[in-house]
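Residue numbers (our numbering), protein chains in the order written: chain L, 624 to 911; chain R, 624 to 911; chain Z, 624 to 911; chain P, 624 to 911; chain H, 624 to 911; chain U, 624 to 911.
Everything labelled a hint here was simulated from the structure, so no lab data went into it. Hints may contain errors.
Repeated chains share a single entry, so a pair holds when one copy, or any two copies, can fit it.
As the list claims (entries may be wrong) - Here are the simulated DMTMM-like pairs of lysine to aspartate or glutamate, each with C-alpha atoms no more than 25 Å apart in a straight line:
(1) Lys649 / Asp788
(2) Lys649 / Asp701
(3) Lys760 / Asp788
(4) Lys649 / Asp778
(5) Lys908 / Glu854
(6) Lys760 / Asp900
(7) Lys908 / Glu698
Protein chains: 6
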Amino acid sequence: MTPPASTRDVGTLLEALPYIREFHGKTVVIKYGGAAMTDPALREEFARDVVLMKYVGINPIVVHGGGPDITAYMERLDLPVEFVAGLRVSDRDTVEIAKMVLVGKVNKDIVLRINRHGQPAVGLCGDDGLLFRAARKSAPGGEDIGYVGQIERVDTDVLTHVAQDYIPVVASVGADRDGNSYNINADEAAGAVARALGAYKVMFLTDVRGWLRDPSDPESVITEVTADEVEAALPTIAGGMRPKLSACIDAIHGGVSSAVIVDGRVPHSLLLELFTDAGIGTMVKPAP
Amino acid sequence: MTPPASTRDVGTLLEALPYIREFHGKTVVIKYGGAAMTDPALREEFARDVVLMKYVGINPIVVHGGGPDITAYMERLDLPVEFVAGLRVSDRDTVEIAKMVLVGKVNKDIVLRINRHGQPAVGLCGDDGLLFRAARKSAPGGEDIGYVGQIERVDTDVLTHVAQDYIPVVASVGADRDGNSYNINADEAAGAVARALGAYKVMFLTDVRGWLRDPSDPESVITEVTADEVEAALPTIAGGMRPKLSACIDAIHGGVSSAVIVDGRVPHSLLLELFTDAGIGTMVKPAP
Amino acid sequence: MTPPASTRDVGTLLEALPYIREFHGKTVVIKYGGAAMTDPALREEFARDVVLMKYVGINPIVVHGGGPDITAYMERLDLPVEFVAGLRVSDRDTVEIAKMVLVGKVNKDIVLRINRHGQPAVGLCGDDGLLFRAARKSAPGGEDIGYVGQIERVDTDVLTHVAQDYIPVVASVGADRDGNSYNINADEAAGAVARALGAYKVMFLTDVRGWLRDPSDPESVITEVTADEVEAALPTIAGGMRPKLSACIDAIHGGVSSAVIVDGRVPHSLLLELFTDAGIGTMVKPAP
Amino acid sequence: MTPPASTRDVGTLLEALPYIREFHGKTVVIKYGGAAMTDPALREEFARDVVLMKYVGINPIVVHGGGPDITAYMERLDLPVEFVAGLRVSDRDTVEIAKMVLVGKVNKDIVLRINRHGQPAVGLCGDDGLLFRAARKSAPGGEDIGYVGQIERVDTDVLTHVAQDYIPVVASVGADRDGNSYNINADEAAGAVARALGAYKVMFLTDVRGWLRDPSDPESVITEVTADEVEAALPTIAGGMRPKLSACIDAIHGGVSSAVIVDGRVPHSLLLELFTDAGIGTMVKPAP
Amino acid sequence: MTPPASTRDVGTLLEALPYIREFHGKTVVIKYGGAAMTDPALREEFARDVVLMKYVGINPIVVHGGGPDITAYMERLDLPVEFVAGLRVSDRDTVEIAKMVLVGKVNKDIVLRINRHGQPAVGLCGDDGLLFRAARKSAPGGEDIGYVGQIERVDTDVLTHVAQDYIPVVASVGADRDGNSYNINADEAAGAVARALGAYKVMFLTDVRGWLRDPSDPESVITEVTADEVEAALPTIAGGMRPKLSACIDAIHGGVSSAVIVDGRVPHSLLLELFTDAGIGTMVKPAP
Amino acid sequence: MTPPASTRDVGTLLEALPYIREFHGKTVVIKYGGAAMTDPALREEFARDVVLMKYVGINPIVVHGGGPDITAYMERLDLPVEFVAGLRVSDRDTVEIAKMVLVGKVNKDIVLRINRHGQPAVGLCGDDGLLFRAARKSAPGGEDIGYVGQIERVDTDVLTHVAQDYIPVVASVGADRDGNSYNINADEAAGAVARALGAYKVMFLTDVRGWLRDPSDPESVITEVTADEVEAALPTIAGGMRPKLSACIDAIHGGVSSAVIVDGRVPHSLLLELFTDAGIGTMVKPAP
């Protein structure tokens with residue numbers, strides 16, 4: 624008797640069982656961005672991956688930025704686009720546009736895609752339920768870069784309330800006590816959310832293969848490293864990897880069990896990371 | 624012995640008691656717009672009024688549009704602004720901009736103001752938790768006006784869930800089953816929400832004194848009228864009053880106890896309407 | 624356009640907002656007595672004030688005595704009325720009559736008035752649900768004054784259970800382990816209840832303007848004082864102010880945030896104290 | 624081997640098992656009065672019986688009057704005691720005294736006794752939580768007998784709330800919408816409470832052996848009868864048995880499964896009736 | 624860039640998503656038996672399949688018999704093994720042995736295997752929590768076959784209570800009101816449980832490929848059929864397929880949405896049936 | 624007037640009241656065995672006693688072994704029955720048979736009897752819900768006695784979950800992490816369960832009158848003793864009393880308030896011990 628063709632396929636479901644067991648009931652924060660957010664095929668896969676996570680009993684929280692969309696709108700409006708040390712110089716008008724794009728466009732696109740794949744999502748930003756309280760951040764060199772914020776406080780009530788029945792999707796903007804809005808780095812926001820929630824894991828989707836020992840050699844991925852080792856190396860790191868590694872350190876020091884930098888260009892990178900032994904990218908762990 | 628100066632003032636708190644009793648535990652949907660949303664002083668008062676409603680045990684739900692802000696951004700982007708029979712002709716780009724403005728700017732401004740007055744708010748749009756399912760609407764004359772939608776279905780789960788701990792603020796946009804977004808008239812959205820929730824009351828804030836018997840005479844306000852009487856008169860009504868009265872009829876026929884058109888230019892018009900006998904504007908009631 | 628006459632009045636509702644915010648969800652114990660209990664107009668106002676407190680989310684607990692009514696019945700029955708150091712000399716018959724008057728007349732009058740103003744109340748005494756366990760108290764000079772009791776233990780279960788849905792009204796009588804009933808000073812009972820519940824505030828309604836620096840000068844009210852300062856002065860204080868101040872000290876030392884002696888002859892003194900800056904009477908606070 | 628002396632005694636516990644099974648989780652209303660309330664030994668036994676009922680999972684509700692105590696106080700106050708057709712003629716002063724005696728003395732005596740036997744009780748009257756709404760009743764002959772009331776409405780919320788954790792003890796007085804208090808016949812009150820609660824059983828403690836076929840022959844007890852048979856005989860019945868039988872009919876017609884008139888002079892008559900086959904007194908049942 | 628080898632495998636997880644969505648929160652009853660229970664490899668797979676079902680939010684209930692193990696013990700004890708019309712002739716001794724084998728051996732083996740794969744199971748039989756009330760069944764020809772029972776009543780309380788936190792595993796034995804135990808056909812038990820629970824699906828694991836149009840042709844599997852069609856054909860069906868089809872009819876008529884006869888010899892037949900389009904075996908559906 | 628014959632009997636119910644009060648809401652673990660399990664009359668009485676305990680608000684947990692039944696089946700199967708130091712030498716086949724007898728016969732007989740007396744029971748063994756994790760135990764002399772286990776861990780979740788609505792009946796078998804089953808001494812199991820649950824009392828039913836000062840004198844029962852005194856005497860004690868006393872010590876040291884060895888041959892020994900002063904058997908208490 625020949626088994627039906629799909630028996631082998633169903634078997635792969637069971638290979639995920641030990642991982643499903645591990646993550647069942649756990650909170651996993653996902654910093655969403657890069658190709659996984661811009662490539663039409665990858666972003667559908669991302670939504671399906673998140674929905675599957677919810678179905679198998681994981682509590683996924685999506686945190687996102689949206690720099691390219693902001694820049695595109697700035698250019699349509701003939702406004703200058705300027706960065707200092709990787710931070711967008713933000714006058715009031717820039718922040719208003721950034722917030723509209725992140726909250727009113729990028730966030731709802733993610734919400735709609737997750738909805739369509741079968742689990743209802745709810746979009747939030749730092750203003751909703753006082754989720755983030757922000758404060759002005761200075762640029763490394765001390766320049767005035769305007770309304771660029773850091774997170775002073777995360778009030779997790781609204782997240783845990785919404786996450787009971789929905790997948791929360793969080794846009795990384797927030798306001799200070801006086802109601803002024805700020806651009807917030809989405810890696811930093813994801814790290815802060817993971818820390819405040821006592822999440823089990825935080826994952827940063829990027830467009831590189833991980834943290835490279837030799838930035839010029841894409842094969843030199845560091846697959847596992849302690850937070851202390853990252854902290855020691857941080858002064859030598861520049862570019863987009865720096866806020867990611869910094870957020871990893873923060874999360875681990877705040878009690879998160881693991882922080883992973885994942886290559887979002889790989890289809891199903893979330894599921895590969897969660898449900899297989901195939902370590903993709905760089906995992907930051909507490910000191911042993 | 625002379626009583627302190629404020630005794631008389633405190634007494635006015637108690638004049639509100641019979642009304643507080645009536646509305647305690649009840650859901651009141653508020654269509655927010657007009658001067659109450661644009662005038663800086665009035666919008667602070669609006670936020671305080673809504674916060675007070677929550678504190679005295681009412682369940683307020685705010686629904687809003689934001690036409691002037693949308694038009695302003697359309698103009699900044701050198702895009703044509705066109706209306707047919709009061710409906711904004713909306714190609715994909717227009718809807719995207721409208722949604723960004725409503726959800727990412729207007730909605731969060733309201734949320735932040737309510738937060739600052741002491742009750743946390745959460746902003747939602749029709750996409751969140753599948754709140755609205757929209758469908759394309761035709762213009763009265765049959766012209767193609769693009770992505771202008773009507774509400775086919777309201778899923779109140781997300782609203783009742785959020786309203787347990789927060790004041791929900793709803794931007795009137797929504798998507799169809801395929802994920803296409805639509806502009807939705809905010810009066811219609813408020814009426815649909817009130818009906819779906821079985822609200823006790825729905826209030827429409829406007830910039831006129833109510834429904835006028837003689838449109839040229841601002842003193843000719845009709846203070847009370849049945850839904851059937853409004854329905855009979857509807858074919859003769861044009862302009863912005865039409866969708867409001869139409870939403871009143873829908874709400875009343877769907878079981879809402881009263882629908883009121885309120886002059887939002889009057890400070891504290893919400894509280895005056897709820898907590899005093901001073902009928903302001905036009906109240907639509909079921910047939911006796 | 625002239626705003627309706629009542630706009631100003633509604634504005635006063637909003638002046639109470641910061642105070643409503645402060646007291647929302649908090650337990651406030653009110654020792655009820657004096658003119659506020661005997662004057663027909665004041666006692667209606669008292670009931671309305673308490674009902675309003677409940678509606679705006681405060682948890683009010685009323686504790687009362689009723690000396691004048693007891694004396695009146697004693698006299699109708701031709702029984703001797705005798706006091707030692709302000710304590711009613713109480714043989715078994717006196718206690719039985721006092722208990723009947725307090726529990727069966729005064730308490731139910733309060734309950735009915737609160738009911739009529741729109742929130743259901745439930746009357747309790749120290750016997751119900753073992754609320755108070757009393758023990759015999761000696762007069763300061765050591766005379767036998769009979770069944771005058773002090774509170775050894777407060778079992779708050781019945782109060783918190785009843786307060787979920789009702790306004791509890793507590794008559795200050797109680798029994799010992801053997802079932803003997805005792806007169807209990809109502810100020811002491813209110814202080815003990817506030818302490819046992821970890822109340823936010825306890826208020827004592829009196830017929831004076833507060834604690835006077837110079838008892839002969841009604842203008843010499845001490846508006847704010849620490850519990851330690853009161854304790855130091857206590858040996859020099861006599862009359863009805865003594866048990867009130869003593870109960871204030873007990874409450875503050877037991878964790879209550881503030882204890883206030885309020886002039887109950889002023890209409891709405893409860894609301895004035897809670898909802899305005901007009902400090903009326905004397906507030907006892909913890910040492911700073 | 625000789626079993627210990629108490630083996631036989633413990634065996635009798637088990638004889639109650641089938642009855643405990645039947646009544647477990649059921650509400651039983653007990654009209655308390657007569658010798659069981661005045662005889663010192665019997666009233667201790669009553670309290671123990673009720674406490675045992677609670678321990679074995681029954682939900683007992685005690686309803687009581689207290690005519691003899693009221694009369695005694697009326698006489699101490701030199702007030703006239705007058706009855707018309709078994710109803711106490713009640714001016715305002717009489718009602719005030721009756722209420723004080725019932726609520727402040729009789730009720731709390733019962734509460735304290737039940738407390739002492741190991742289950743906390745809470746005393747209530749018709750005013751508490753709006754339990755009874757009363758209306759003036761006319762005497763059969765139409766005479767004005769003053770504030771004698773009948774029950775128009777029972778609001779069971781407060782009873783079911785209190786009965787979760789306590790044994791409710793209800794004094795049969797109540798007020799009308801305007802706050803006027805009334806004497807209410809306790810048999811009638813017990814029947815109304817049983818009916819409103821959908822009780823399983825209502826028991827009336829009396830000082831006779833039951834309903835007698837021949838009033839002059841104490842051996843002529845009718846042990847079981849249908850409500851219809853009682854109704855047919857009612858016009859021929861006078862005296863204290865009439866309101867009891869009338870309350871039985873009301874209860875049965877309102878859905879109570881059985882109504883029993885029990886000889887309260889017999890020690891443990893409650894337990895005998897509930898837990899043995901020894902039918903004591905008269906049981907009224909629905910028509911078969 | 625080459626994706627890791629396992630990307631394709633993870634993709635198959637997502638192919639199950641539409642099915643996981645369909646079955647999430649649903650109760651699925653599984654009649655376990657045949658090769659899937661005797662083959663060492665298949666029974667491990669079965670346990671993993673059931674555990675995975677639980678992890679993805681399905682509520683699986685396992686019902687089992689164990690004929691071969693019973694026969695083996697009968698033979699070890701030199702007892703006669705006799706069947707009439709497929710029913711085991713069962714004197715008291717036979718039933719006692721059958722019950723010991725099913726409840727004390729087969730059931731606990733299943734429980735232990737499910738435990739080891741990561742979800743705790745609890746074994747039950749018809750006696751536990753009065754799950755089944757059985758009655759004696761006659762053989763088709765009227766012979767006395769002893770203690771062979773049919774299920775008169777299923778009390779689902781214990782199942783729903785246990786299923787909140789555990790996977791229930793039910794051995795198909797039960798007792799009558801007098802405490803006599805009976806052998807019960809496990810197919811019948813599974814159908815009765817599915818019906819009583821209002822299950823979404825009931826699956827019968829067998830050692831054939833389904834219901835064959837031509838019993839001699841294993842390729843002639845009927846893949847889908849209505850309950851009415853099965854009912855019409857039932858008189859012509861003999862052997863082990865008959866009780867299965869009969870149980871399918873009962874389940875469908877009792878409101879279960881689908882009943883499936885599945886080839887348990889195929890590895891992961893449960894998951895294949897639930898999570899793929901590869902219809903294996905015969906599905907009985909309600910009439911369209 | 625002569626009271627009915629049963630008045631005296633009902634009175635004995637009330638003699639139990641102080642004890643019912645003491646044990647209400649408490650967990651009592653009962654090791655069931657000996658004559659109380661084999662004598663037909665005694666085992667009916669046992670079931671009634673346990674049901675009565677449940678009805679009066681006690682939480683009874685029954686733990687049992689079943690040596691004689693196991694031996695009987697071993698002999699029917701011509702298998703050798705061998706003991707070393709009171710422990711049954713157990714190869715795999717012996718354990719399988721023991722488990723079948725305990726779980727599939729003895730346990731369900733107890734469950735059915737308790738069911739019939741009016742409270743539903745649920746039978747469990749150490750496998751269900753991972754209740755016991757066992758490990759191999761060595762005989763005192765170091766001989767290999769096979770699959771005789773000791774309890775390493777009790778997971779009380781399944782017991783407390785089941786005990787909410789049912790009387791749990793636990794057979795003393797369990798498995799290790801690899802799924803190997805073990806015979807476990809039932810006295811040890813009862814002690815471990817009592818300790819893990821923080822039970823109020825554990826009772827061991829035996830066929831002797833208690834712990835005898837002089838084993839040859841049945842009148843020399845030690846009625847009360849501290850755990851420390853027992854521990855000191857333990858090395859001198861042999862036979863079946865040893866595991867019982869050892870389990871008593873364990874329970875007391877683990878926080879159980881009292882451990883009692885009860886003569887199960889006395890009818891209603893459970894109730895006599897719980898509900899009368901007639902101390903029967905030996906009570907082990909913590910050091911004073």
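Evaluation of the provided hints:
1. Lys649 / Asp788: both (15 Å within a copy, 17 Å between copies)
2. Lys649 / Asp701: Answer is neither; intra-copy 45 Å and inter-copy 48 Å both fail.
3. Lys760 / Asp788: For Lys760 and Asp788, the Cα distance exceeds 25 Å both inside one copy (34 Å) and across copies (31 Å).
4. Lys649 / Asp778: both (19 Å within a copy, 22 Å between copies)
5. Lys908 / Glu854: within (12 Å within a copy, 49 Å between copies)
6. Lys760 / Asp900: neither (39 Å within a copy, 38 Å between copies)
7. Lys908 / Glu698: neither (41 Å within a copy, 51 Å between copies)
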